[in-house]
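J.: Here is how the chains run, residue by residue.
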Amino acid sequence: MIQVHHLRVDYDAVCAVRDLDLTIAAGEVFGLIGPNGAGKTSTMRALMGLIEPTSGEIYLDGLNLHEQREAALQLLGFMPDFSPIYEDLSVWEFLDLWAHSYEVPKARRSALIAEKLALVQLDEKRDAFTAGLSRGMKQRLMLAKTLIPDPPIILLDEPASGMDPHSRLLLRDLLVQLGRDGKVVVLSSHILAELSEMCTSIGVMERGRMVLSGQVDEIRTRVMGHGELRVDVRCGHDALAAVVSQAAEAGEPRWEGDIAAIPFAGDADAAASLLEALIRAGVRVSSFQRHTAGLDELFLKIGAREVA
Amino acid sequence: MGLYRLFFDNPVLIKHVRSRLRRGPVVTLAVAVLALCAFLTWATFALGGADNGTGFWTLLVGQSLLLFVAGSGQATGSLLQARQVGILDFHRISPQRPLALVVGFLLGGPIREWLLFAMTVPFGLLLGVWRRPGILGVLAVYTDVVVVALLYHALSVCAGLVARVTRQAQTGVVAFVLVGYFVFGQVLGGVSGPGFLTILPTAVSAADRAQTATFFGVALPVVVHSLLHQIPILGLTLLAATRKMRQDQAAFFSKPQAVLAFAVVAVLLLGDMVGFQPPTGTLASTGVNTAVLGMPAFLLWLTASIMIALSTPTARELVGGVIRARRAGKSRPGPWDAPAGNTSVMLACSAILVVTVGVGGLLRGAGAAALMGGAVAVLTLVYFAAARQAFEVRWKGSGNGYFALFLFLLWAGPPIAGAILGIGQRSSAEALLVSAVSPFVGIWAATSLGSADFAPAAAGIALGSAAILAVALTQFRLLTERVTFREAAADGG
Numbered sequence: 223m224i225q226v227h228h229l230r231v232d233y234d235a236v237c238a239v240r241d242l243d244l245t246i247a248a249g250e251v252f253g254l255i256g257p258n259g260a261g262k263t264s265t266m267r268a269l270m271g272l273i274e275p276t277s278g279e280i281y282l283d284g285l286n287l288h289e290q291r292e293a294a295l296q297l298l299g300f301m302p303d304f305s306p307i308y309e310d311l312s313v314w315e316f317l318d319l320w321a322h323s324y325e326v327p328k329a330r331r332s333a334l335i336a337e338k339l340a341l342v343q344l345d346e347k348r349d350a351f352t353a354g355l356s357r358g359m360k361q362r363l364m365l366a367k368t369l370i371p372d373p374p375i376i377l378l379d380e381p382a383s384g385m386d387p388h389s390r391l392l393l394r395d396l397l398v399q400l401g402r403d404g405k406v407v408v409l410s411s412h413i414l415a416e417l418s419e420m421c422t423s424i425g426v427m428e429r430g431r432m433v434l435s436g437q438v439d440e441i442r443t444r445v446m447g448h449g450e451l452r453v454d455v456r457c458g459h460d461a462l463a464a465v466v467s468q469a470a471e472a473g474e475p476r477w478e479g480d481i482a483a484i485p486f487a488g489d490a491d492a493a494a495s496l497l498e499a500l501i502r503a504g505v506r507v508s509s510f511q512r513h514t515a516g517l518d519e520l521f522l523k524i525g526a527r528e529v530a
Numbered sequence: 046m047g048l049y050r051l052f053f054d055n056p057v058l059i060k061h062v063r064s065r066l067r068r069g070p071v072v073t074l075a076v077a078v079l080a081l082c083a084f085l086t087w088a089t090f091a092l093g094g095a096d097n098g099t100g101f102w103t104l105l106v107g108q109s110l111l112l113f114v115a116g117s118g119q120a121t122g123s124l125l126q127a128r129q130v131g132i133l134d135f136h137r138i139s140p141q142r143p144l145a146l147v148v149g150f151l152l153g154g155p156i157r158e159w160l161l162f163a164m165t166v167p168f169g170l171l172l173g174v175w176r177r178p179g180i181l182g183v184l185a186v187y188t189d190v191v192v193v194a195l196l197y198h199a200l201s202v203c204a205g206l207v208a209r210v211t212r213q214a215q216t217g218v219v220a221f222v223l224v225g226y227f228v229f230g231q232v233l234g235g236v237s238g239p240g241f242l243t244i245l246p247t248a249v250s251a252a253d254r255a256q257t258a259t260f261f262g263v264a265l266p267v268v269v270h271s272l273l274h275q276i277p278i279l280g281l282t283l284l285a286a287t288r289k290m291r292q293d294q295a296a297f298f299s300k301p302q303a304v305l306a307f308a309v310v311a312v313l314l315l316g317d318m319v320g321f322q323p324p325t326g327t328l329a330s331t332g333v334n335t336a337v338l339g340m341p342a343f344l345l346w347l348t349a350s351i352m353i354a355l356s357t358p359t360a361r362e363l364v365g366g367v368i369r370a371r372r373a374g375k376s377r378p379g380p381w382d383a384p385a386g387n388t389s390v391m392l393a394c395s396a397i398l399v400v401t402v403g404v405g406g407l408l409r410g411a412g413a414a415a416l417m418g419g420a421v422a423v424l425t426l427v428y429f430a431a432a433r434q435a436f437e438v439r440w441k442g443s444g445n446g447y448f449a450l451f452l453f454l455l456w457a458g459p460p461i462a463g464a465i466l467g468i469g470q471r472s473s474a475e476a477l478l479v480s481a482v483s484p485f486v487g488i489w490a491a492t493s494l495g496s497a498d499f500a501p502a503a504a505g506i507a508l509g510s511a512a513i514l515a516v517a518l519t520q521f522r523l524l525t526e527r528v529t530f531r532e533a534a535a536d537g538g
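First to last, the sequence lines map onto chains A and B. All the letters of the first sequence, read from the start, carry residue numbers 223 to 530 under my numbering. All the letters of the second sequence, read from the start, carry residue numbers 46 to 538 under my numbering.
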């Protein structure tokens, strides 16, 4: 759905994005991760056609953004990290402006606006002036505006900034649902815990380059290894060591008090078999958990490696 | 796109109608404006001012201030505000065409001022129709006022598309409008064409059906002559705004559009030159060559310089163009492509300038002066284009500042030195010779051959200095471009 080849973006003497290649398929929720100045926003703006790349090609659903700009832009919805709204309009007037701009027939506009307002839980604010909304409400209003044309590709730059916890949960559920509906969702965020809950794939940017990209699980495995099993043992420590040494997918356990941290490369079935073997060997297990690294740990590790 | 959708079903225009025509503020303003107009009308009839048109002209000044000053400020302000908060980007990626966005901001930003103006028109008719300037005079004046207001608003939209600070942009636009309103045509009165921007004198002339102005030797009513100039310039301004609306980084004109715009200005000026007799008492009446060749040559040179500056790609665009071209199997982008250097525009504008000034000179029997003036203007364009491109490539973000300093030293320095010399030694000849290094004086001196004793020497200095600068700066440009392309190739290009 989105294909980027050798993208390069320069600002005067600064190269913001350098030789970026990227492919994002339909149904993916793609998280763009990187520190400030990594080139995330420049990449987003280039994807929207708002800045002309120095070189490189961008295809949106097969349409070349440079050559078939107007048709390609029809596919896009965008929500920035702050809410640029007309503060002299009411909530309804603001959404009507965009419904009209996206050529929604007049007869359908009222129902569509009501539907989107309900979706972002702003239906009670229909006639309020946008100037009086809180920052979180403005972000939700922008989300409703973004969804008005029902675009197949949705770009969100730091969408949760300024949102209260309730709005964040709403946003998370909505984005996950949009991905399930077959849309492409690309979002950048510094709040990595949020991304790990939403994203099916990620790309890590550093100094204008895409350092790493792919499915979240695949990258996690590649960078952090396979994760580990954390087993809280009441008694039978030696038996556990013996059982683990027999399992091909498990590494040598590391003890943290009564908790054994066991490096583990197996799948869910292998983990279940190991638990069964432990219990059969007389190990009393009070908790058995598979621990995988979060995106924050992943990002820190990649960042550290890059800097090193 | 149908006209109905453009003007009556335009989302941006409807947005402005909603936000700027809310009942409370509009009713308050309308009551104030109507009360003022009613008082003026009563006073005019009570004091007998309707006979000589005093009341009508007083009202027109008020209407003009409302439309030109307040309206232009609003056109800039509404667009700049949308641009600064980032909402203009959403309009840009919406399916609305750039022309629809331009029309939305052009008519929508000052919509309240247009409404208030419309409310005052019946008072204008009441004051002007019965006696002076009469029904046709009033119609001519209002036609002129409406078209010039649109032109100023379109220029204000362009300002809103590039300015960085709202207040400064609005102040700049208002200052431009005031200069245009009262001064522009008087200063540039060498030919009648540029006077179209001066509203009040043009409007006074337009109201007088006996007055005419020539275009290619044909005598036309002033209002027709005025519209003949205003409408093409309005069209070009809308073209520029539409292109810039499409993409923030784009120049106002593509290279072919820049040449087309320049050609339009050249045709208008040539039309004004043919058969023109400068009125007595104006700057133009001091010398026919200066008036009929110097001023058009100067205006053409100035316009060509603007077109070249607008067509000069940034270092980033230049490098990107070469990278793209190389990937496509070519060594450079085509000369008319956006990322190509400004040479094509410079050459085309130079050719048009020489032909226009040459034809104008031949028709008035001043071929030598035309040739000399054209040569100085063209060589100045050559070094201007080379320096603009070279400074941009060499110093990138700082290039504009250095270029402005370079121009200031080269163009303002010699006249200042000449003035000091003239005052100190009381020698106007030496002062002129020194000043002629600047094109402001050089072009005037070259087109004044025969009008002053030392004009040929000054013209020679102007020509010689421009030629040396053209060669030197072209070399500098080639060198900087070569280095930049080499660096780009090493950096992955």
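Hints should not be assumed to be uniformly reliable.
Said to hold, decoys possible - Covered stretches of chain B, going by a simulated chain A footprint (3 or more residues, C-beta under 8 Å): (1) 106-115; (2) 138-145; (3) 355-368.
Unchecked claim - To be clear about the criterion: a stretch of chain A counts as covered by chain B if any three or more of its residues have a C-beta under 8 Å from a C-beta of chain B, and this derived list gives those stretches: (4) 268-282; (5) 315-322; (6) 471-477; (7) 497-509.
Everything labelled a hint here was simulated from the structure, so no lab data went into it. Since the model is a prediction, treat every value here as computed from it, not as a measurement. C-beta: ideal position from N, C-alpha, C; glycine also.
J.: Count the residues of the stretch 315-322 of chain A with a beta-carbon closer than 8 Å to any beta-carbon of chain B: does the count reach three?
T.: With 4 residues closer than 8 Å to chain B, the stretch 315-322 of chain A meets the three-residue bar; holds.
J.: Counting residues of the stretch 106-115 of chain B that have a beta-carbon nearer than 8 Å to any beta-carbon of chain A, does the count reach 3?
T.: violated (count 0)
J.: Verify the coverage statement for the stretch 355-368 of chain B against chain A, using a C-beta to C-beta distance below 8 Å and requiring 3 or more qualifying residues.
T.: Three-residue rule met by the stretch 355-368 of chain B, so holds; n is 7.
J.: Has the stretch 497-509 of chain A got at least three residues whose CB is nearer than 8 Å to a CB belonging to chain B?
T.: violated (count 0)
J.: Checking C-beta pairs, does the stretch 138-145 of chain B have three or more residues closer than 8 Å to chain A?
T.: That given contact holds, which follows from 4 residues of the stretch 138-145 of chain B lying within Cβ reach (below 8 Å) of chain A.
J.: With a Cβ-Cβ cutoff of 8 Å, does the stretch 471-477 of chain A contain at least three residues near chain B?
T.: violated (count 0)
J.: Do at least three Cβ atoms from the stretch 268-282 of chain A come closer than 8 Å to Cβ atoms of chain B?
T.: holds (count 8)
Going down the numbered hints, you'll see the structure goes against 1, 6 and 7, while the others check out.
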